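Chains as they are written, first to last, in my numbering: chain R, 2 to 437; chain B, 139 to 592.
Calculated from the structure, these hints are not laboratory results.
Every value quoted in this text rests on a predicted model; they were computed, and no experiment measured them.
Among the hints, a few may not be true.
[Unchecked claim] Far from chain B, some chain R residues (derived; all Cβ distances over 10 Å):
| no. | residue |
| --- | --- |
| 1 | G10 |
| 2 | P100 |
| 3 | G135 |
| 4 | G187 |
| 5 | D189 |
| 6 | W221 |
| 7 | S242 |
[Said to hold, decoys possible] Result set (PhoX-like, lysine-lysine): computed pairs, CA atoms no more than 25 Å apart in a straight line:
| no. | chain 1 | residue 1 | chain 2 | residue 2 |
| --- | --- | --- | --- | --- |
| 8 | R | K122 | B | K435 |
| 9 | R | K180 | B | K150 |
| 10 | B | K435 | B | K382 |
[To be verified] With the C-beta cut set under 10 Å, the calculated list includes, among others, these residues of chain R facing chain B:
| no. | residue |
| --- | --- |
| 11 | G18 |
| 12 | E20 |
| 13 | H21 |
| 14 | T24 |
| 15 | A25 |
| 16 | D396 |
Beta carbons are placed, not taken as given, at the ideal position from N, Cα and C, and that holds for glycine.
Listed here are the chains, written in short residue letters.
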Amino acid sequence: MAVSAPALGDAFAAIVGGEHLTTAPSQLAAAAVEGVPPRWLARPGSLDEVGRVMSLASVEGLAVAPRGSGSALDLGAPPARLDVILDLSRLTGVLEYVPADMVATVQAGVTLDLLARELCKHGQMLALDPYGGGSRSVGGVLATNASGQRRFRYGTGRDLLLGARFVQADGTVTWGGSKVVKSVTGYDIPKLLTGSLGTLGVIVEATLRLHPVQPASGSWLFSFTSREAAGSLAAAVLASSLEPERLAWLNAGALERVGSERAEAALAVSVATVAEAVTSQGALLGSMASRLGARVSALDEGFWTRVGGGLASSTVVKLASEIRRLPFWAGEVERVISRHGLTVSLVGEAGNGILRAAVEGSVSPDTWAREIVAPLREALAAEGGSLVVERAPLDLKRAADVWGPVPETALAVMRRLKTEFDPRGVLNPGRFVGGL
Amino acid sequence: MAYECDMHTFYKGAPDVVVLPETTAQVALLVRLCRREHVALVPRGSGTGLIGGAMAPHGGVMVSLTRMNRILELDFANRCATVQPGLINLWLSQATRDAGYYFAPDPSSQMVSSIGGNASTNAGGPHCLKYGITVNHVLGLEVVTGAGEILSVGGKAHDHPGYDLTGALVGGEGTLGLLTAITVRLLHVPAGVRTLLASFSAIDDASEAVSAIVAAGIIPAALEMIDETFVRAINEGVGAGYPKGAGAVLLIELDGPAAEIEAQAGRIVQICRDHAALEIRVAQDEAERALLWKGRKEAAGVVGRMSPAWILQDAVVPRSRLPEIMREVQAIGARHRLVIANVFHAGDGNLHPMILYNDLEPGELERAILANDELLRACLTMGGSVTGEHGVGLDKASSMPLQFGDADLNFMARFRRVFDPDGIMNPGKLLPSHPACGEGFRPSVPRLPAGAWV
Ligand SMILES: Cc1cc2nc3c(=O)[nH]c(=O)nc-3n(C[C@H](O)[C@H](O)[C@H](O)COP(=O)(O)OP(=O)(O)OC[C@H]3O[C@@H](n4cnc5c(N)ncnc54)[C@H](O)[C@@H]3O)c2cc1C
Ligand SMILES: Cc1cc2nc3c(=O)[nH]c(=O)nc-3n(C[C@H](O)[C@H](O)[C@H](O)COP(=O)(O)OP(=O)(O)OC[C@H]3O[C@@H](n4cnc5c(N)ncnc54)[C@H](O)[C@@H]3O)c2cc1C
């Protein structure tokens, strides 16, 4: 039998403590997700409390949105329903960290910055550098499978999450994976959770694989007067035995935003290794680039933060294509978008085939859906790629599905997974692919 | 009969029929037939598994994928290849070497094991310290699920919207479906390789050196440990010329830009000296490098010289506990009056103690089983894992509750059911009690009685 709202509020307060439950309408309005305000905002202080909140929500058939730092709550389709925001920001414990094992177990609310401060004392790092900085929570970064340029060398959350303690929709506390760097015991549940946008479970603790900070690093910008030449350098680097750490593609708009000199296209490359090898790899890169007519300038580390800032825009689209097609798609995006009087700054991961476009200017929802998203999406899909709208004003989101279609058979399996683990649609309902 | 077991010859169970399909469509037809008739289905690659995975305890149909062994596409510009499951691991690196590429996962069985088997067991190998295990190299899969669907997930382009089914299917050990095509990452051959061999008088010193190397921020491409018993057997068996009388040998390989491996090799030599290394050899050319590796690579082959029978363990400990667990291994051996020989992936903390016993001597097998069990439990007590690379199979299904709680196993059982609703795929493997009846996992007897093993 359904419990009345005030009684439910009391029940949540009994779990997390009255001071950690928000019910004031003004505060709830401020916590709205895509304009939908929650009825409660609960800040549990422990794993057990997360479990009890979920269990109550599930019994009552409430919709719950987990929240880390709240920076990307708009990712995905607008919520179908929303009752509870489960705020994990009090869970900031670094539970286990043995530097010699290069593994750390942390609570989901720990921010990347906080973790980085802990790890750098021992010359180590979590090699996840999503755009937008270090104030993001580990749980949010994993749930959205967010990554940045470093993935070229170190992989994504998928490769770095060894184990996870999570709470299922019905409140069951569950563990998947292991706490060691190498384990194949049972199904790889952490991979299932990574990027699942909190639709299968709430990640509460994560065991992460760490890497040593290299003793030296160097970064260079190679600017070109043509996209083709920049593409040739990217291809040459990838076909060589050079081992860059990051390989970023920038178009004219992105160069302007990060304050670099004008060019049609540029490639920013970093290497991180021992000092001797930084020098020798830099020299090799330089000679490859100058043969292709590049202008070379040295970059400081701050450049890599500015590249992320270059994507701060109310509309951001992410394209994934084959690696070798990235220069082509960069041209296509510029062409399609500029035709509508919009400007675009493009930042690509030249080693992974990922392109992000920050779009500026006003466009009607109809034009957006029919003349920008649909044609790009269809052409990409024909090559096995995808286009995701990572951020956009609500009217644009309503006009074109943010995720795009998922092949029927795969979607059927995803539906079965969602039905199996969240039959009542408690966790982030309606926000993920295919309306999951 | 050739199909009654994999390389874990303890477990025998012959299928009623063996089918060797040539196309994905044939595989799908087979699965649908088996589903309709409620017949068990066991996928099999090269049968080199060490876990009783590719054998049929419940009879049924075995699907051997050896005829599906072609390279479907090599795409160097996208640094990937698509292959059929039966392709032998090493063939892929051989086919790509001239273009400057290779396939990083390198189980010691790479000359014979299949890429489908590697992806299904999520195989590791000496070089996964730096490069990760198979799952880190699988970009996409075509799979026929236990429900009979032909499912394509992942691919050359990264980050497909939706759940990471590719990642969750790798390591499925044939319990979720049959892999019929696999798109894998190719890596560029590194600019340089440097291989070192350091010998120590005691395994303790060698273990400490492993920790110190990693603590210095160096991730070698490989960091392998060979103990005294194996050094002796390898020297006698394959003439690898390892230092005589060494209590332990570390085989260390660095790869990468020349200046990087040069500098790191210098550091490593210093660290080994600091940990009382008796001798350090650095391979000067490819021939010397091959000789240093020869002993390690052929270690499995020399076991027969040491003992008529053995049990191989594959548990993992956190790297920092290596010295401690090695002392424990010795203590367990002494307690059960058995020789335990070790050759393993030290950099990952992935142990491979080999418990030697004489099957003609009454009681020895029972003691070996006890010792094996104690070893596994010791690793788990230190925060380790039941298996590092070989997988669970039939062998370790009953050990799963040692590492996971009921809720965790239940989650896995339900995950399995999403792909295999009728429980026809490789029943009895990976999970302690097979949820074929449509219920979730139910805790079973924690261990098979010793006698039932043989
Ligand atoms: C300016 C800007 C630029 C960005 N650029 C990029 C980019 O280039 N690449 C990229 O990959 N990402 C990018 N992002 C996204 C962002 O980096 C990540 O999505 C972010 O790390 C989310 O962290 P958070 O703690 O703020 O999560 P939140 O915003 O709090 O939550 C994000 C989602 O994850 C769910 N969630 C949060 N915590 C958990 C948990 N513990 N368990 C289960 N589900 C949970 C939420 O329900 C929500 O759906 C950008 C974001 C911003 C603001
Ligand atoms: C001498 C020796 C050294 C070894 N060294 C290593 C090592 O260093 N690292 C390591 O990880 N392993 C090692 N192994 C174990 C073994 O080689 C690996 O587990 C290998 O990945 C198995 O491949 P396979 O083709 O022989 O598979 P099989 O033994 O035939 O099958 C293994 C499992 O995968 C399933 N399977 C096989 N093919 C498919 C498919 N196409 N679709 C779905 N399921 C499938 C089977 O049902 C079974 O459960 C070694 C084995 C030997 C004998």
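Consistency of the hints with the structure:
1. Here R/G10 stays apart from chain B, with its beta-carbon at least about 29 Å from theirs, past the 10 Å limit.
2. The Cβ of R/P100 sits about 7 Å from the closest Cβ of chain B, inside the 10 Å cut-off, so the non-interface label is violated.
3. Consistency note on R/G135: stated as away from chain B, and its beta-carbon is indeed over 10 Å from all of that chain's, at 21 Å minimum.
4. Not every C-beta of chain B lies more than 10 Å from that of R/G187, the closest at about 5 Å, which undercuts listing it as non-interface.
5. Look at R/D189: its CB is around 5 Å from the nearest CB on chain B, not clear of 10 Å, so calling it non-interface is violated.
6. The claim that R/W221 is not at the interface with chain B holds, since no C-beta of that chain comes within 10 Å of its own (minimum 16 Å).
7. Not every CB of chain B lies more than 10 Å from the CB of R/S242, the least distance being 4 Å, so the non-interface label is violated.
8. A hinted pair counts as satisfied when its Cα atoms are at most 25 Å apart, and R/K122 with B/K435 does not qualify at roughly 38 Å.
9. A distance of roughly 33 Å separates the Cα atoms of R/K180 and B/K150; the hinted pair therefore is violated under the 25 Å criterion.
10. Taking the CA atoms of B/K435 and B/K382, the gap is about 19 Å. The hint holds against a cut of 25 Å.
11. With a least beta-carbon distance of about 26 Å to chain B, the hint placing R/G18 at the interface is violated under the 10 Å criterion.
12. Given hint, R/E20 at the interface with chain B, is violated; its Cβ is 30 Å from that chain's nearest Cβ, farther than 10 Å.
13. With its C-beta approaching chain B no nearer than about 26 Å, R/H21 sits outside the 10 Å limit, and its interface hint is violated.
14. A distance limit of 10 Å between C-beta atoms decides the matter here; for R/T24 the minimum to chain B is near 31 Å, and the interface restraint is violated.
15. Among the interface hints, the one on R/A25 is violated; its C-beta lies about 36 Å from the nearest C-beta in chain B, farther than the 10 Å criterion.
16. Annotation: interface hint on R/D396 violated; nearest CB of chain B at approximately 21 Å, more than 10 Å.
Violated hints, listed in ascending order, are 2, 4, 5, 7, 8, 9, 11, 12, 13, 14, 15 and 16; each of the other numbered hints is respected by the structure.
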